[in-house]
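Asks: Sequence:
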Amino acid sequence: MKNKYVELKWFFIALILSLCACSPDDDAHEKEFRCKVNGQKWSPFSDDFKFNPVDGQSQITTSGKRALLLVGYNSKNETQNVGFLISDLVNEKDYPLSQEPNSYGLVEINETVYRTDDINKGIVSIHSLDTVNHKVSGTFTFKAKSLTSNSTVNVSEGYFDITYKVY
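Using this note's numbering, you'd call the opening residue of the sequence shown number 83 and step up by one each time.
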């Protein structure tokens, strides 16, 4: 019986040492996306392990421009989406979010859609753009107006560092 405890003790020591020796996973920060919505911390969440709550997509448009769409989804208590579209992503710089079809910010809370427009604007600052490895990082902030009423939503302190898909 004593031998079993000794073996178990060494097993746990080996397990702890192997866990401590692990280096950080390079993919651990592939999908980082967070912000504040009306002053409240907001981050993507999915209770379905098959569904990734952050989606980044890039495609070359028919006019030859690179478009970037980033959206975070949260389904914990109510369905919420926060995201933005940049219609002409060129390099690291500031991109204004004003209105469709160019570049805009978007928030959806329980089927109420808010978008930036010519009065309620914002900005996305691209800090790093790697078109070879499809990685992009930066910050964002915007104010968006409901499509069905005069209510607005403020998105602040936005941050993203993701790997995007190319279509």
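Derived from the structure by calculation, the hints contain no laboratory data.
Honestly, I wouldn't trust all of these hints.
Computed beta-carbon distance windows for the label pairs [as the list claims (entries may be wrong)]:
id: 1; residue 1: F127; residue 2: K175; range: 13 to 21 Å
id: 2; residue 1: S238; residue 2: G146; range: 16 to 24 Å
id: 3; residue 1: S233; residue 2: E174; range: 30 to 38 Å
id: 4; residue 1: N173; residue 2: E193; range: 31 to 39 Å
DSS-like cross-link-like pairs, simulated, lysine-lysine; straight-line CA separation at most 27 Å [said to hold, decoys possible]:
id: 5; residue 1: K147; residue 2: K247
id: 6; residue 1: K123; residue 2: K175
id: 7; residue 1: K225; residue 2: K147
The structure displayed is predicted, hence computed values, not measured ones.
Glycine included, each C-beta is placed from N, C-alpha and C at the ideal position.
Asks: Each hint needs a verdict: does it hold in this structure or not?
Replies: Results for each hint:
Our hint of 13 to 21 Å for F127 and K175 is violated, since their Cβ atoms are close to 31 Å apart. At roughly 34 Å, the beta carbons of S238 and G146 sit outside the given window of 16 to 24 Å. Between S233 and E174 the beta carbon distance is about 34 Å. The supplied range of 30 to 38 Å therefore holds. About 36 Å separates the C-beta atoms of N173 and E193, a value consistent with the hinted range of 31 to 39 Å.
At most 27 Å may separate the alpha-carbon atoms for a hinted pair to count; K147 and K247 meet this at roughly 16 Å. At roughly 25 Å between alpha-carbon atoms, K123 and K175 fall within 27 Å of each other, so this suggested pair holds. Proposed proximity of K225 and K147 is supported: the alpha carbons are some 26 Å apart, at most 27 Å.
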